[in-house]
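Protein chains: 2
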Amino acid sequence: MIHKIIEPSALQYAELCQRPSIDQALLTTGIQTIFNEIKRNGDAAIRNYTEKFDGISLQSSVLDLNGISLETIDISSDLKEAIQTAYANIYKFHEAQKTTDIEVKTMEGITCSLRSVPIEKVGIYIPGGTAPLFSTVLMLAIPAQIAGCGQIILCTPPDKLGNIHPAILYAALLCGIKEIRLVGGAQAIAALTFGTKEIPAVAKIFGPGNQYVTAAKQLAQNYGVAIDMPAGPSEVLVYGDATSVPAFMAADLLAQAEHGADSQVMLVLSDEQKLEETLMEIEKQIEDLPRKSIAKQALSNSKAIVIADVNKAFEFINQYAPEHLIIASEKPSDCIPYIKNAGSVFLGNYCPESAGDYASGTNHTLPTNGWARSYSGVNLDAFTKKISFQSITKDGIQSLGKTIITMAEGEQLQAHANAVKVRLEKMKLELFT
Amino acid sequence: MIHKIIEPSALQYAELCQRPSIDQALLTTGIQTIFNEIKRNGDAAIRNYTEKFDGISLQSSVLDLNGISLETIDISSDLKEAIQTAYANIYKFHEAQKTTDIEVKTMEGITCSLRSVPIEKVGIYIPGGTAPLFSTVLMLAIPAQIAGCGQIILCTPPDKLGNIHPAILYAALLCGIKEIRLVGGAQAIAALTFGTKEIPAVAKIFGPGNQYVTAAKQLAQNYGVAIDMPAGPSEVLVYGDATSVPAFMAADLLAQAEHGADSQVMLVLSDEQKLEETLMEIEKQIEDLPRKSIAKQALSNSKAIVIADVNKAFEFINQYAPEHLIIASEKPSDCIPYIKNAGSVFLGNYCPESAGDYASGTNHTLPTNGWARSYSGVNLDAFTKKISFQSITKDGIQSLGKTIITMAEGEQLQAHANAVKVRLEKMKLELFT
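Just so you know, the sequences run in chain order U and D. All residue numbers for the first sequence refer to our numbering, where the first residue is 160 and numbers rise by one. All residue numbers for the second sequence refer to our numbering, where the first residue is 160 and numbers rise by one.
No false leads were slipped in.
Which copy is meant is left open, so a pair is good if it fits within one copy or across any two.
DSS-like cross-link-like pairs, simulated, lysine-lysine; straight-line CA separation at most 30 Å:
#1 Lys257 - Lys280
#2 Lys211 - Lys337
#3 Lys356 - Lys211
#4 Lys451 - Lys585
Source of the hints: derived by calculation from the structure; they are not laboratory data.
Please work from the sequences and hints to get the whole structure.
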């Protein structure tokens, strides 16, 4: 079970922050073959891979959406309602992230601006399998729509009958997705990278996936396609104090542990008594879980750490930089000033990670494996890029010209200086004519 | 010289958008050796590499800044003044990019927020050599300061006497840089990745460099360190119409061409006559350039294209996605609505790229090689990450609980549902006690 560590020294922090390493290199050759094949043979190659990996022979990867409506999709009305509520919250939070373009007159005659422009074409990958990740459809398609991306392609593998899970379809249609392709795995990522007749090439690919999809996204970058962020197993760090509730912390840790055997579960507590109580709660709650064996494996990689001093505790937490950080306390706002590195933070005893995973409004696509030190989770920015513009009048270049020439000559770039000189000379000539 | 293409068909666009490919793989083994060596032997390895590559034996890579002041640095007062003017403009434009954190009550009892937090530790790499890139110091250190990064380490290789160029030193001190390390090449990137006693490990590395530095930055990502953006040779695309000035366009193209033999220079014009005039101007202006032979090599990879139709022209330009886009026209704002993909845009006949390279206020660290389809140039965001927070009250989880449970069960993640259920149950118990 979970490893206990009492008051580690700061020298131990680096080791405690280690995640299990994954060797991507082993996969790369196989993925490169798939990429070459898709580049060369396009949709014919897609058909072969779908038959091989998904066990279904499809004429086309295009899912025909004609005649399909939200009303006729076969999921319970409870689930429809839940997806709608989540949609509304996620939409509200991401719409509030719209920024206004800025424009600054840095000097007389010189105007600089920075404008957000949607990424034209984006791909969203949603894994298949028994647990349909319809929540991820919401998390990626909603900000893509708000950002105004011109073309949004959703790829997801077909089941053995050539269908996709109706909850994925429901979420996609609710988000206004118009193009769904029945293709999974590395072949989906390759198709979004090179484009085929049926699947357009995109500028950026979003979404989770198994190790093959992850390696394929990595490879896509070599061909000029951006990805949402580096991938790693999901993780949570729960920080608790004297006011936290062991049963809640245990439930939150188990929610993370059921994701996969490689999930990272960390508990940092200010006192040892709470730690013992929480571990006992875990033992109790785990027994009834359908994914008990997965959760047990995840817990065996996990750590429960006692650090009494709050400064030291957050020194460790910031070094760990958790994807999810739960502040299990009656006074969570006391901790906010300490937080420097985290993907998403859950404040208070009544704020489980599940809320953000599904429905509160925040995004659940977040940096793992310590990347929260430098990366943001997916937000509206992820679907846009910023372009800078500048306008310079004749007066402007007259004022700034000498500065540019002096700096260009200082860097020994004479042609850079000339680009200003030819303009100043023409203006001088115009004065005398 | 430059290749002429008249009215290409849309089918040719993809080929015209090709940049020369660079094979990074060849370098990787050598770079990995340097990484292993720095990780194992720290500052001792740094000393060896500095002696080997920079030809100077240094006791320490730490540049002692004691007693150095802006006044005593030995560069001309003209250059000091120019750097100050550039500093003021760049500061003004980047300070205006500060955003306010957002907070949204998505439902009663549920508050979601998104806060910008500075990246704690950043590294700035400035190449050495004869042309000192002090302008790049401004472009990276100014936004790092404004963002509030806690630690900013500047690495730059020493010359044969163990000094750095005084203009680089001046720009660094003006920006408030307190830590300069005399180390260059892949060994600098490795040191910023792993940390040594003298050089702190950072979360993100910025800055240009030769192919070894580029390959090292690529490798740093495998160790969890972010980089500013994928690197490629610099490039400009000049778009001109009947109102553009051939001498100006020629000067702008040559300013790009002098950067390096692999620079990309593209000219897109609405009429052939202007194209001929511009090519003649290039022939004339190139003869006086100190870096003439480099510029000639760059031009031999370059293309001058006539596309009369403005819609088609921008279809091509957006597909090319230039790092720098100059709209050489008396009415540049007519073109703005067409622009979808570019790093930085220069509007009008009196707005040379050199202005943005040095002093107008915009940043010159920009996406190359088509990455402008998905990446922004460096702006204030590049030195921060966004963390989402949520607070949920008892009433909040009461309202949203059913939604979360339904969705979690829909994804067959029972422990996710339990994290809500344990809370709802406790609240129910409290009601009856």
